[in-house]
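Take a look at the letters that make up each chain.
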Amino acid sequence: MRIALGILLMIGLAILATSPKFLKLRRATVVGILVSGGWLGVLVGLAIGPAGLALVSHDLAPTGTPILTIGLGWIGLMVGLQLRPEVLRFVPANLARRTAIDASISFTLAGAIAWLALSNAPIAPANSVIPLAALIGAATIGWPAETRSLRLTAAESGLAMALRASSGLSAPIAITLFAIAHALAGISEPPINGPDWAALLRIGGMALIAVTLGVVARFALRRAGDRRADLLAVFLGVVAIITGAAVELRVSPLFAAMLAGVVVTNLAGRELRRFERFILQAEHVVAVIFAIVAGVLMDVALGPATLGLLAAITIFRIIVKPTLAPDSLSPDSPTQRSRKIARLGAVRQPPLALVLGVGLVLTDPSPVNQQALTVLAAAGLFCDLYAVLRARAVKIETPEEPVENDSAPSTEEGASP
Amino acid sequence: MADTTDPSRNDSAENNAKQSTERVLLLIIASDPTVMDDLLTALLDFGVTGATVLESKGLAAVLREEMPIFAGLVSLLPGATGSRTLISITNLATARSVLDFIDTDLREDKRPIAAVLPVTHIAGLKR
Numbered sequence: 024m025r026i027a028l029g030i031l032l033m034i035g036l037a038i039l040a041t042s043p044k045f046l047k048l049r050r051a052t053v054v055g056i057l058v059s060g061g062w063l064g065v066l067v068g069l070a071i072g073p074a075g076l077a078l079v080s081h082d083l084a085p086t087g088t089p090i091l092t093i094g095l096g097w098i099g100l101m102v103g104l105q106l107r108p109e110v111l112r113f114v115p116a117n118l119a120r121r122t123a124i125d126a127s128i129s130f131t132l133a134g135a136i137a138w139l140a141l142s143n144a145p146i147a148p149a150n151s152v153i154p155l156a157a158l159i160g161a162a163t164i165g166w167p168a169e170t171r172s173l174r175l176t177a178a179e180s181g182l183a184m185a186l187r188a189s190s191g192l193s194a195p196i197a198i199t200l201f202a203i204a205h206a207l208a209g210i211s212e213p214p215i216n217g218p219d220w221a222a223l224l225r226i227g228g229m230a231l232i233a234v235t236l237g238v239v240a241r242f243a244l245r246r247a248g249d250r251r252a253d254l255l256a257v258f259l260g261v262v263a264i265i266t267g268a269a270v271e272l273r274v275s276p277l278f279a280a281m282l283a284g285v286v287v288t289n290l291a292g293r294e295l296r297r298f299e300r301f302i303l304q305a306e307h308v309v310a311v312i313f314a315i316v317a318g319v320l321m322d323v324a325l326g327p328a329t330l331g332l333l334a335a336i337t338i339f340r341i342i343v344k345p346t347l348a349p350d351s352l353s354p355d356s357p358t359q360r361s362r363k364i365a366r367l368g369a370v371r372q373p374p375l376a377l378v379l380g381v382g383l384v385l386t387d388p389s390p391v392n393q394q395a396l397t398v399l400a401a402a403g404l405f406c407d408l409y410a411v412l413r414a415r416a417v418k419i420e421t422p423e424e425p426v427e428n429d430s431a432p433s434t435e436e437g438a439s440p
Numbered sequence: 018m019a020d021t022t023d024p025s026r027n028d029s030a031e032n033n034a035k036q037s038t039e040r041v042l043l044l045i046i047a048s049d050p051t052v053m054d055d056l057l058t059a060l061l062d063f064g065v066t067g068a069t070v071l072e073s074k075g076l077a078a079v080l081r082e083e084m085p086i087f088a089g090l091v092s093l094l095p096g097a098t099g100s101r102t103l104i105s106i107t108n109l110a111t112a113r114s115v116l117d118f119i120d121t122d123l124r125e126d127k128r129p130i131a132a133v134l135p136v137t138h139i140a141g142l143k144r
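Same order as they appear, the protein sequences are chains A and B.
For the first sequence, my numbering begins at 24 and goes up steadily by one.
For the second sequence, my numbering begins at 18 and goes up steadily by one.
Treat the hints with caution; some may be incorrect.
Said to hold, decoys possible - Among the chain B residues that face chain A by a calculated CB cut under 7 Å, a handful are:
| id | residue |
| --- | --- |
| 1 | MET84 |
| 2 | PRO85 |
| 3 | PHE87 |
| 4 | ALA88 |
| 5 | GLY89 |
| 6 | LEU90 |
| 7 | VAL91 |
| 8 | SER92 |
| 9 | ILE119 |
| 10 | LEU123 |
What the hints assert, rightly or not - Pair ranges (Cβ atoms, derived):
| id | chain 1 | residue 1 | chain 2 | residue 2 | range |
| --- | --- | --- | --- | --- | --- |
| 11 | A | ARG245 | B | ILE130 | 25 to 35 Å |
| 12 | B | VAL70 | A | THR176 | 29 to 39 Å |
| 13 | B | ARG113 | A | PHE301 | 26 to 36 Å |
Derived from the structure by calculation, the hints contain no laboratory data.
Beta carbons: idealized from backbone N, C-alpha and C, even for Gly.
I would like the entire structure built from these sequences, with the hints used as guidance.
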């Protein structure tokens, strides 16, 4: 009962946090950063969780797992539904290449750092180190698609598009790498030594289920037409079946739902647009719910190993990530300001990082996983504050003033509309 | 001979005449694209032969587009939401008929938002 009330409280807070009246608070710089990055949700989660008022306990992970798994499925479906040729053909090859470079460097280096930090830590049992390293590696891939808080000008829309597109591409890569590494690391009972190769079979089985479900969903979407109630029924059916199958096959529900999204998006026709709009409408609410859940599930009592990991990830993002930043999609050569903003945008941590962390804690609510969630939240908040405050300090470049000429009309008089 | 004309009928006739000459701006925001066909047919039936239809976006759509969280790739697509805004200069009587049609003949969940605004000056309007 208490868990149900806690979940209702979190949903209520998420709806409140995404209401138009609340959005007005973003005008203040710091509040804007806290709201845009979802950090306010994390802080609220901390406040109502065991570390604060204890309105919701850590038992949320085992007891609330079914409903939170559906939330993971919702996010996976959102990511997967984007992966269709109609959208992907807008991504220039150069941007796709840079995204792939960022993913491989970030996953390998940050994963290795996490492995080094945790492999000898007393808090981390041997079988939890690889999943944690995979989590940190995957969470370091990409940057947020949200560009509003960087205060880009209209002339920098090409950069905003580049950041959004590469972030959109990074999300499925991060989900896939984490799911495969996590499955191979062996979460089987009883634990086995070495990679769990049977996991590849389970992932293959999951892909087959996703294809079958995609065909069924296409038929169901045609029947649903534009009736919202029917769309909701189709959505809940797809998410419930796919996440249920994922839990049974011990595959990440986020990954499984993403696979289903990919199949649905490539099979369905016009019906998809309505379905996609229907799902995307809840994007902000779902994001806030997961931020609050992350806050509740966090264990803030970090030890030396996890504190070291926090410092290492923050430094990695501030020093290495700017070198992996995307180029603007605008055909004009980038200005000095847009280069700076692109580098700062790459420092920020994508919101998917917390979702991956919550997914791991739901699978295994151990103290080290809960501390890893805290590490991700704290590193994300530090990097967001650093990047956004610095980006706002970067002056907007104005075109060079024309040489004064008495006979020429003034700028205002001569300006064309 | 006494005047038998009912003054209220005179007023009503005057009122109707005034409504059919008074120019107004009819503004309709249809967020559901499936309603456009019925709406445009009705406008033609009521005698609105000229209107401008603009692609538009609601506040929530703009916020979602500028602040994508998990679906950054979709923002690469041309951002059509299906929402349309229709503007037309017409007379008050016609505009009222259109409002009645919207209120009574269209399904509540698809009903566009419509407003009628007074017009004080017009230039360049083709008859």
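Outcome of the hint check:
no. : hint                            : result
1   : MET84                           : holds, 5 Å
2   : PRO85                           : holds, 4 Å
3   : PHE87                           : holds, 5 Å
4   : ALA88                           : holds, 5 Å
5   : GLY89                           : holds, 3 Å
6   : LEU90                           : holds, 3 Å
7   : VAL91                           : holds, 5 Å
8   : SER92                           : holds, 5 Å
9   : ILE119                          : violated, 19 Å
10  : LEU123                          : violated, 14 Å
11  : A:ARG245 - B:ILE130: 25 to 35 Å : holds, 30 Å
12  : B:VAL70 - A:THR176: 29 to 39 Å  : holds, 30 Å
13  : B:ARG113 - A:PHE301: 26 to 36 Å : holds, 35 Å
Against the hints set out earlier in the document, violations occur for numbers 9 and 10.
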